[in-house]
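**Student:** Sequence:
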Amino acid sequence: MSKLSHIFILFVLVGFQSTATATATATATTQNMDNTNSLTGAQVKLLVKKADDFRLGESSAKVVSKVKLYKNDELDKTRQYTVYTREDRESLVLFNSQVEAGQKMLMLGDNYWLLMPKSRRPIRITPMQKLLGEASVGDISTLTWSEDYQGEWVESTTFELTDGQAIQSEKIKLKATTKGASYFTIDLWLEQGTGFPIKADLYLRSGKMAKEAWFIKGIREGETKVISMVLNDQIQTNQKTVIEYKEITPTEIADKYYNPAYLSRTKQLDL
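Read in order, the letters of the sequence shown correspond to residues -22 to -1, 1 to 249 in mature numbering (1 follows the signal peptide of the UniProt record, and there is no 0).
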């Protein structure tokens, strides 16, 4: 299997875990509500932007995240990443785990490069290649829903989770507007009023559902945020990925770190 097929790509824009209120992530049922009061395009845009704020919080930041891969409900692998992000959909991912040490991923808009420790040149990869690997989460953590997708209101629903909790939600259909979006459409459920993301179904251009994502609510620095995410693989159905967001710090790094040529020449970054 190629090195690309083992990539864990992570660019997560939300902060560390504290006292979490975990959303049930196994199954949930929905009930349609009175849909006579549909949301306008402007209201949908505002609600989706609120959802981004729960995930992002900072336009330029350093984020440390841990990814746990489960197979048949047993922990198989753990990886850790440090991510630097800034405006205009630009980010640098550093692979921190020993088995991936020295690997980097650079994302500039719709352009992507993989940098390997023993390679003299950056390797261009496609948005679809971001989906390779057992826990490929780069596609959903790099995108900003309000910038990369066009949203359309579908219906108001009541989510009844397995723990008995009922959440009033708005179902939004997102369609990709950028080439770099690995998923063509997303069915997104947001809490009414607040816009907190509850669940997302992620679809490929072929129409096949690839992942089911659940967003876990908790408190960071006194504010409600997404503190972790659970991804249920709909293709390799015995696999599940849990992403824990350990730290977020407002940070700006020099422009040189967003240059693929510089990264390929510089094996040890002073970050």
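These are computed hints drawn from the structure, not numbers from a lab.
Treat the hints with care, since some could be wrong.
Claimed, not checked - List time: in silico BS3-like cross-link candidates among lysine-lysine, alpha-carbon distance up to 25 Å: (1) 96 to 55; (2) 28 to 49; (3) 245 to 44; (4) 23 to 153; (5) 28 to 195; (6) 28 to 245; (7) 27 to 245; (8) 151 to 218.
**Student:** With reference to the structure, classify each hint as holding or not holding.
**Tutor:** Quick rundown of the hints versus the structure:
Between residue 96 and residue 55, the direct Cα distance comes to roughly 24 Å. Compliance with the 25 Å bound is thereby established for this hinted pair. The suggested pairing of residue 28 with residue 49 is violated, with an alpha-carbon distance near 33 Å, which exceeds 25 Å. Between residue 245 and residue 44, the direct Cα distance comes to roughly 23 Å. Compliance with the 25 Å bound is thereby established for this hinted pair. For a cut-off of 25 Å, the pair hint linking residue 23 to residue 153 stands: about 13 Å separates their Cα positions.
Under the criterion of a C-alpha separation no larger than 25 Å, the hint pairing residue 28 with residue 195 is consistent with the structure, at around 14 Å. Distance restraint check for residue 28 and residue 245: the Cα-Cα separation of roughly 38 Å exceeds the 25 Å cut-off, and the hinted pair is therefore not satisfied. In summary, the hint linking residue 27 to residue 245 is not supported, as the alpha carbons are separated by about 37 Å, beyond the 25 Å threshold. Among the hinted pairs, residue 151 with residue 218 is consistent with the structure: their alpha-carbon atoms are about 24 Å apart, no more than 25 Å.
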